[in-house]
Amino acid sequence: MTDMTRGRAGAGDAPRVRSFGYVNWRGVWTLYHREVKRFLKVFTQTIAAPVVTTLLFYTIFSVALENRVGTVGTVPFVVFLAPGLIMMTILQNSFANTSSSIMVSKVQGNIVDVLMPPISPLEMMCAYIAGGVTRGMIVATAATIVMFFLVDLPFQNPGAIAFFALSASVMLALLGMIGGIWADKFDHMAAITNFVIVPLSFLSGTFYSIERLPETWQFFARFNPFFYAIDGFRYGFIGQGDAGFWLGAAVMLGIDLVLFLVVHRMLVSGYKLKS
Amino acid sequence: MPSDNGMILGGRPVARRFGAVNYRGLAQMYSREMMRGFKIWGITLAAPTVRALLFASVFGLAIDRPDVAMGGVPFLDFLLPGLVAVAALERSFQSSAFSIVYDKTEGIFPEMAMLPLTPGEIVFGYAAASVSASLIVGAVVWAALLPVGGAVPVAPLTLIFFVAIGSLMIALFSQITGLWARKWDYLESVQTFIFMPFVFLSGVFFSIDELSAAAQPFARANPVFYIVDGIRFAITGRADANPWVGAAVCIGVIIVLWIIVYRLFAVGYRMKS
Numbered sequence: 001m002t003d004m005t006r007g008r009a010g011a012g013d014a015p016r017v018r019s020f021g022y023v024n025w026r027g028v029w030t031l032y033h034r035e036v037k038r039f040l041k042v043f044t045q046t047i048a049a050p051v052v053t054t055l056l057f058y059t060i061f062s063v064a065l066e067n068r069v070g071t072v073g074t075v076p077f078v079v080f081l082a083p084g085l086i087m088m089t090i091l092q093n094s095f096a097n098t099s100s101s102i103m104v105s106k107v108q109g110n111i112v113d114v115l116m117p118p119i120s121p122l123e124m125m126c127a128y129i130a131g132g133v134t135r136g137m138i139v140a141t142a143a144t145i146v147m148f149f150l151v152d153l154p155f156q157n158p159g160a161i162a163f164f165a166l167s168a169s170v171m172l173a174l175l176g177m178i179g180g181i182w183a184d185k186f187d188h189m190a191a192i193t194n195f196v197i198v199p200l201s202f203l204s205g206t207f208y209s210i211e212r213l214p215e216t217w218q219f220f221a222r223f224n225p226f227f228y229a230i231d232g233f234r235y236g237f238i239g240q241g242d243a244g245f246w247l248g249a250a251v252m253l254g255i256d257l258v259l260f261l262v263v264h265r266m267l268v269s270g271y272k273l274k275s
Numbered sequence: 001m002p003s004d005n006g007m008i009l010g011g012r013p014v015a016r017r018f019g020a021v022n023y024r025g026l027a028q029m030y031s032r033e034m035m036r037g038f039k040i041w042g043i044t045l046a047a048p049t050v051r052a053l054l055f056a057s058v059f060g061l062a063i064d065r066p067d068v069a070m071g072g073v074p075f076l077d078f079l080l081p082g083l084v085a086v087a088a089l090e091r092s093f094q095s096s097a098f099s100i101v102y103d104k105t106e107g108i109f110p111e112m113a114m115l116p117l118t119p120g121e122i123v124f125g126y127a128a129a130s131v132s133a134s135l136i137v138g139a140v141v142w143a144a145l146l147p148v149g150g151a152v153p154v155a156p157l158t159l160i161f162f163v164a165i166g167s168l169m170i171a172l173f174s175q176i177t178g179l180w181a182r183k184w185d186y187l188e189s190v191q192t193f194i195f196m197p198f199v200f201l202s203g204v205f206f207s208i209d210e211l212s213a214a215a216q217p218f219a220r221a222n223p224v225f226y227i228v229d230g231i232r233f234a235i236t237g238r239a240d241a242n243p244w245v246g247a248a249v250c251i252g253v254i255i256v257l258w259i260i261v262y263r264l265f266a267v268g269y270r271m272k273s
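Protein chains in written order, with my numbering: chain A, 1 to 275; chain B, 1 to 273.
Some clues are possibly wrong.
Which chain B residues stay away from chain A? Per the calculated CB distances, all over 10 Å, these [what the hints assert, rightly or not]:
#: 1; residue: Ala-113
#: 2; residue: Asp-240
#: 3; residue: Ile-255
#: 4; residue: Leu-264
No farther apart than 25 Å at their CA atoms in a straight line, the calculated lysine-lysine pairs in the DSS-like style are these [unchecked claim]:
#: 5; chain 1: A; residue 1: Lys-106; chain 2: B; residue 2: Lys-183
#: 6; chain 1: A; residue 1: Lys-41; chain 2: B; residue 2: Lys-183
#: 7; chain 1: A; residue 1: Lys-185; chain 2: A; residue 2: Lys-41
#: 8; chain 1: A; residue 1: Lys-106; chain 2: B; residue 2: Lys-272
#: 9; chain 1: B; residue 1: Lys-39; chain 2: A; residue 2: Lys-185
#: 10; chain 1: A; residue 1: Lys-106; chain 2: A; residue 2: Lys-185
#: 11; chain 1: A; residue 1: Lys-106; chain 2: A; residue 2: Lys-41
#: 12; chain 1: B; residue 1: Lys-39; chain 2: A; residue 2: Lys-37
#: 13; chain 1: A; residue 1: Lys-185; chain 2: B; residue 2: Lys-272
FYI, nobody ran anything at the bench for these hints, they're computed from the structure.
Glycine included, C-beta positions come from ideal geometry on N, C-alpha and C.
Sequences are here, hints too, so could you generate the full structure?
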């Protein structure tokens, strides 16, 4: 009787509780579906706008610097720049998706609709992260297609491209959840974006190789997790990087794991969500 | 005897009387707009300052050959006045439009149509607040860029003049956007797809001489180009175009936009529903 497992009332029966196994797949799918529909509904803001912004950044940096920067390492400046800009948009959009979703739910008071259903904190996290990653990947794909027509991009190591795109997207989706849970108002969110996310992504080596920095600054630059995301992603395209593939991969996985545990802890304890 | 400020003096309340211009109403509106903007100074003042410093740092770090001149001056001398211009113009765009759309989403915007302010006074009130906010943000960003190579303007009054007409032009455009926008989405779309490209491609980051010959006429048709060029002229003494021709173009655009905004407020376009 499939009707019973689906929780619907059969003919003449009282409604029953839906039963499911260890994982509430349908619940996770529903939340994920909501997360994706949320941003697709306003795709001009969530997909077209970041692509246009990336294109604008590409234009200003390439026109302004093409004659003033020869090559970075062994590649022309624009080839160095393009992967960094794609990664920047992944970072910003994955962050924006989870943070704005939680923030809007909190302000509108419908966060209880996510907290009440029978899904565990782990399941809830996975759905939110998957939503952020989906947006990051759609924007990244669109931006890459646009860049493909402007820059002669080599795709040296597609595995590294995919790995760093996904791991960076997960990292920012998790940071977005932390931001969204912590922030009480939109002002707080804007502060995190303006004073943390944007500076970290600008100073991550998108526009220059960090070897150009004075030594003390290089030391600090290597503490910026965004540096590893951008460096590894660029390595996937051009086959050279400042940090090296394995160090980058280890840092990304380590940070993703730590952030995952932090967010899980926040959700289990109900920090700022359950009062 | 009723006083002319509408207070009750022994008798019935009497409508406040004023002359051709409701100065007190205008002052109230102006101070509300200013306070609304600078109450969230982290977003309206600190954020653009940080962003300008970030742009200055990444360009400064990326550049290999700073000696290759841009528009006749060293690259950073060229760039920094542009960053002041961007910050001032962005504040101008965001102040009126955001204020109007905020009032619309709160459902209090129709009250603007009920105030004893004429359409001309409303346009003036919004514009004055936008221009003042732009001058403040421009001054703060300019000061913040001084330690990283910013220059003292060669013609300070010209600088104020160009920031003022530039932000006035954008402020009027911002009012049109705010009136047209039914929701935040509309406003963000205008910002991303119209305002940002006009500003970013106006010669903030590069001299339009660096553009291909085919792109040059388009760059010169962009009124924001004349503002950025004028601001750079006032700071560095060097311009891509004749700055006074640029000023004339901008004043022409301002007159046209003012007439449009005035009409929109006069007919109550998307105001009363």
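Hint check results:
{"no.": "1", "hint": "Ala-113", "result": "holds (28 Å)"}
{"no.": "2", "hint": "Asp-240", "result": "holds (14 Å)"}
{"no.": "3", "hint": "Ile-255", "result": "holds (29 Å)"}
{"no.": "4", "hint": "Leu-264", "result": "holds (24 Å)"}
{"no.": "5", "hint": "Lys-106(A) to Lys-183(B)", "result": "holds (20 Å)"}
{"no.": "6", "hint": "Lys-41(A) to Lys-183(B)", "result": "holds (14 Å)"}
{"no.": "7", "hint": "Lys-185(A) to Lys-41(A)", "result": "holds (23 Å)"}
{"no.": "8", "hint": "Lys-106(A) to Lys-272(B)", "result": "violated (31 Å)"}
{"no.": "9", "hint": "Lys-39(B) to Lys-185(A)", "result": "holds (14 Å)"}
{"no.": "10", "hint": "Lys-106(A) to Lys-185(A)", "result": "holds (9 Å)"}
{"no.": "11", "hint": "Lys-106(A) to Lys-41(A)", "result": "holds (20 Å)"}
{"no.": "12", "hint": "Lys-39(B) to Lys-37(A)", "result": "violated (34 Å)"}
{"no.": "13", "hint": "Lys-185(A) to Lys-272(B)", "result": "violated (29 Å)"}
Going down the numbered hints, you'll see the structure goes against 8, 12 and 13, while the others check out.
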